[in-house]
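Guided by the hints, dock chains V, X and W onto chain P, whose structure is given.
Protein chains: 4
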Amino acid sequence: MSAPVTVPRLDDDYTSAAARRRLAFLARETGASPEHIGRFSFDPAVLEGNIENFIGVAQVPIGIAGPLLVDGEHAHGTFYVPLATTEGALVASYNRGMKLLYAAGGVRTTVVAEAMQRAPAFGFDSAREARAFGDWLTVNFADIKAEAEASTHVGRLHDIEQFPASRFLFLRFNYTTGDAAGQNLTSKATLRACAWIRAQYPGIRDFYLEANLATDKKSSQVNVLRTRGKRVVAEATIPAGLAREILHATPGRMFRARQVSNLGGQLAGVNNNGNHSANAVAALFAATGQDIANVAESSAALVHTELLADGSYYYSVTIPALIVATCGGGTGLPTQRECLELLGCYGSGRVRKLAEIVAATVLAGELSLGAAVVADEWVAAHDRLGRNRP
Amino acid sequence: MSAPVTVPRLDDDYTSAAARRRLAFLARETGASPEHIGRFSFDPAVLEGNIENFIGVAQVPIGIAGPLLVDGEHAHGTFYVPLATTEGALVASYNRGMKLLYAAGGVRTTVVAEAMQRAPAFGFDSAREARAFGDWLTVNFADIKAEAEASTHVGRLHDIEQFPASRFLFLRFNYTTGDAAGQNLTSKATLRACAWIRAQYPGIRDFYLEANLATDKKSSQVNVLRTRGKRVVAEATIPAGLAREILHATPGRMFRARQVSNLGGQLAGVNNNGNHSANAVAALFAATGQDIANVAESSAALVHTELLADGSYYYSVTIPALIVATCGGGTGLPTQRECLELLGCYGSGRVRKLAEIVAATVLAGELSLGAAVVADEWVAAHDRLGRNRP
Amino acid sequence: MSAPVTVPRLDDDYTSAAARRRLAFLARETGASPEHIGRFSFDPAVLEGNIENFIGVAQVPIGIAGPLLVDGEHAHGTFYVPLATTEGALVASYNRGMKLLYAAGGVRTTVVAEAMQRAPAFGFDSAREARAFGDWLTVNFADIKAEAEASTHVGRLHDIEQFPASRFLFLRFNYTTGDAAGQNLTSKATLRACAWIRAQYPGIRDFYLEANLATDKKSSQVNVLRTRGKRVVAEATIPAGLAREILHATPGRMFRARQVSNLGGQLAGVNNNGNHSANAVAALFAATGQDIANVAESSAALVHTELLADGSYYYSVTIPALIVATCGGGTGLPTQRECLELLGCYGSGRVRKLAEIVAATVLAGELSLGAAVVADEWVAAHDRLGRNRP
Amino acid sequence: MSAPVTVPRLDDDYTSAAARRRLAFLARETGASPEHIGRFSFDPAVLEGNIENFIGVAQVPIGIAGPLLVDGEHAHGTFYVPLATTEGALVASYNRGMKLLYAAGGVRTTVVAEAMQRAPAFGFDSAREARAFGDWLTVNFADIKAEAEASTHVGRLHDIEQFPASRFLFLRFNYTTGDAAGQNLTSKATLRACAWIRAQYPGIRDFYLEANLATDKKSSQVNVLRTRGKRVVAEATIPAGLAREILHATPGRMFRARQVSNLGGQLAGVNNNGNHSANAVAALFAATGQDIANVAESSAALVHTELLADGSYYYSVTIPALIVATCGGGTGLPTQRECLELLGCYGSGRVRKLAEIVAATVLAGELSLGAAVVADEWVAAHDRLGRNRP
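Residue numbers (numbering that gives the first Met the number 0), protein chains in the order written: chain P, 0 to 389; chain V, 0 to 389; chain X, 0 to 389; chain W, 0 to 389.
Next comes chain P alone, as it looks inside the complex:
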């Protein structure tokens, strides 16, 4: 086999020249002639730490939905929500939900828990030694916490959960991470804490910094139960008249459809008994520089609704593992930062506000699609607004 023809790199690699050089290389190697990828509006120097082998940008269209009326603890008032997507009808559907929610008095949002974790595993001669190690961890938590936090300014180690299995002890180091999403921060802090632990504690046979119990970028029951990132609840009560007028559906029919969806979801073994929260999550993540791979876990949702005595419809959605940041990652890139600024969410002290806006947006979409399915408008909307080319 001949040697691989590798992608060219320059000494000064975060430049337009380097990007052009690589695009030219690709044109030569693939026969394609990309014209748009290389057209971006900023100095690539800002990308260091976000990408390697940079060639240009994907231009993902952004639509605006709103006003979204939020009654949160961190997000107050109306917001215009930038959604980056290529799915026709999506922005229109969220917009319709927001119109309904505005008329209904807005969405109440609450961040009920938060925790970002790294989940190392330690192996021993037998389960008995693993259990003894767990007891030692409990006793020495303060020292471990100090060690972990020595590597970070904003991370705080809240607790270490223990999950024994076989001759291993699996741990979840649960942190709060300020306005960062915190995956790297928690990796680094946990690695440091574990180095200290390994120096102190004899008899550790195996150590893995991660062994599938943080389940980063995956959907899991442990995160539905125990939170990853932010756990946010969005709630609203929709008067029957508004549902009929704006959604062309009655609360009674929507509630009944919900029951059948719950049953279907139980059959399916689904991580989300709602309608399509991933749409809002993905579109907001792409717009605001979140890590879109986290859609995997942030797409989990628990929907609970109630048909109230006066005929109105209480609707709530709980997102148990919403991974968001207002600093770090891609949040500071030019268009991404601007989208955050549109929401008043750029920079420190804003992450819960962003979490609340995401959850409120999700709720708007749940109501709109939930009604469309009942009112037989779903396919028609996609025909009118989307690229149906059956």
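The reader is advised that the hints may include incorrect statements.
[To be verified] Partial selection, computed: residues in chain X whose CB lies under 8 Å from chain W:
id	residue
1	ALA57
2	ALA145
3	GLN199
4	TYR200
5	GLY202
6	ARG204
7	LEU208
8	GLY263
9	VAL269
10	SER347
11	VAL372
Don't read these hints as lab results, they were simulated from the structure.
Please read these numbers as outputs of a predicted model, since none were measured by experiment.
Ideal Cβ placement from N, Cα and C applies to all residues, glycine included.
Showing chains V, X and W alone in chain P's frame:
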């Protein structure tokens, strides 16, 4: 409550003028002054059917990894893979995995199944009538198929799976959908088929076009079992020497870590026993105009590895629900189309090729991160290449 | 280590003498002096094929609940249900539910599907060969079916489901098995069919007769979706007045509690959103000679309820994997057979009747406990009737 | 509808006369003539608190497997294990596994965690009030604990886990319960604690003593993660020579089959990646007076094995939710107590010993069946020892 201040729309809404008008509106309402969002390189007229209330684009940086050597049925030879992401170290990590796979002779890829579905539910007086309806469906499948396919040029109804529960019959209409992802196509075809069914069959009390058994944009066991989109397997065998040289890890240690991850994943109730397939999936989806909300289900993965007698390492990843398209949706937008063209995947007859490339890319990342965890290089790599600001 | 002191066996081992010999051995080895275990009412000769190293019997008390009014396709009229249990209050609770159901006009029961399976796995060089093998299986189904059925009088191979993963093809051979539970029958038939397949088809690297996809004696999503044993639905509609009178709870309150239980169950990742179907299943299994280890999968249940316009309460329970038999296994043993005879369920042609009675009994318990939780009577009932020794 | 013909009760209901009266009633109503059910060896007076409407007993045959060599913290030495079952070949298979384990030096057993729970749910006006309630619970834990423990001599409230969702706070009150299984004890203690909480804390809209997060008698992920009853690990290392000699299988082949089973189990969404732990659990539960409905959750298992450098086979099984008791429930009934006495496990201070013996027995069966599948002996054994009547 005062009337909502709605986002302005123009008669000719897919224009730069309309986008600027909305950006100005947003600047006024939010106090922000976005400069980059409005800078895109194409005529917004192309966006009709992909977005509403367009204001501009998110510029998501693209890095190139490769060459990726693929021994597929549809993808042959080397590919340079565009990954749109803001996570530092990600492209570098995939690149390392691809280097290893090149040296090891490449990745064997196979699309082992495909099915896109819409999953309606029908309700009856009791379970007995629901069962009788199921029998009727079986007998009348040919007519139902004809009716469904009358609404589509490319969709083919393969079968209808039945899942009885309570007094409902849940169905999965399984289609092949050509080079489209096919969610809208299957909705429309199933809606038409169900209209015909409802006209023919008396005694249907309830009908929902969807009731959480297709689990679009969600992770579910039913799709792990029964496929959604493409079910793709990527396989490679890594000689021990290469693993040591390029990954700084031995197959033995990597295999052992895999076992512990399997155990951890079983505890967690995770939809993916591997390392981080969502990273490749999300980055390729964003680059090539796929619907990034589908990361929710396309992030599921089954990893199976074997330590072979000669010390080499067989590694396979099965993606049971990979939702990809090479036409329709966002695939025709300027930068997205160019990314597909870089892979030779734009247009009809290419969707399995794209699926194979995605799976091969996933495999590269599994090996690279799997080794990094074992070789204690993971955190160091993020420190060197990422935005760790602890 | 000294040689193990093994349990004595006699040439004629299924005799009272052999049992006494072993009891004497145990008394000597353990110091215990069992008096009751050895007191059984039948000739141990009947036990051949059911037990080895027989020493006597566990006497499990049986209580009678009823009359249970069933409107099934196989079970018609009233039944008195023998429940073998040691949990105080259990029989009383089921009895209360049956009283309610009698007054409400009875339980409608339907066996909506049935399938018993063995699930072999075949391994190949790569996924591609596994897929080709799957195609071959489809083409050769008639021959495989003939081969499988040649080993059995009552088993019928209905279909073979394929689940590809990695370089393996996992199969579910789905059978109907007459009045037997059928695990052994399907093992034998599938083993024979697979021997034929292996002789015909070249290139099979690995073969396992079972690889965790039949999930015998385990709870799994695949069986919730695809049925194992019988899939049975029990339904009833309870007028509000009867609920209040007999259960001291209103449908409205019971329905509301159901919603909260559904939400809790989604958090928990539970295989059963109902109350306690395992109690009825286990007690009937123990009484009637079913394999009580099958409680593992037969305890799965899907509960769906509706609050009807007239205030009455529609309640349904779907048991997706009920493993029952009216011949074979323990069904012919003296007390077990008598319990089946009390239900008119002993012998051939009765297995669906038994399945219906089990499901109807489950429904009685769901209603009774569901109401007790709401009416705050649950703990009080256990205090009055059970062995609460806090 | 005519009035139901109810089962007769006597003033002195726990007598042989009452049982005979009911049997006569059943004979009259059903036409059956049971002769064996009514033949039991004890005074029915002992059954008060265990059964209602007593008519007699199910005689479930018991076989003895052993000697089982256990190296536990509570169980030391050899045990002869009574297994109540009607499945032929089962005792023989466990016996074979025990023979192997004896030769291999025995089973190491460890109870790594224990917790019995009741899981109430509290509802509020919105998620925000639910979160505030959670904070209040944390602050007032000492008082709540005192209140809960006031209702019990042996129960100790260890902690209260919080799981927020929608406008509810779901709780798990985790107790240790001495030698009782503890479901009733924890119900009563939690009910008392909750009565105190409801008197103290204003604004509680809904209260349910249970809402599907304890998942009693069901299989759930929460209990796999967080333990219900005892969490026990059994471990052994099998030299290759012994495996070949006694099991007719090599560790290498058994390990490989294990890998394929893990993959199959991941596809299936199973609660147990092992072979058949429910068989041991059910047979021991029936023999020793445990609540056999708890097989539902006690059948969950995590199997982790390792192929060691010297060719021997490390095998471990973790049972995360083993519900056992050595007092209360059915443990004091005549035959059940005798079975406990055979194991030296009757009465107080023995429950961990029993848990260890159950886990060690499970391990014996895992090895034996795991080898039989590999050695193609499985079906043959059932043919020889079971009631195969295909």
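Do the hints match the structure? See the list:
| no. | hint | verdict |
| --- | --- | --- |
| 1 | ALA57 | 4 Å, holds |
| 2 | ALA145 | 15 Å, violated |
| 3 | GLN199 | 18 Å, violated |
| 4 | TYR200 | 18 Å, violated |
| 5 | GLY202 | 17 Å, violated |
| 6 | ARG204 | 11 Å, violated |
| 7 | LEU208 | 6 Å, holds |
| 8 | GLY263 | 4 Å, holds |
| 9 | VAL269 | 4 Å, holds |
| 10 | SER347 | 11 Å, violated |
| 11 | VAL372 | 6 Å, holds |
Of the numbered hints listed earlier, those contradicted by the structure are 2, 3, 4, 5, 6, 10.
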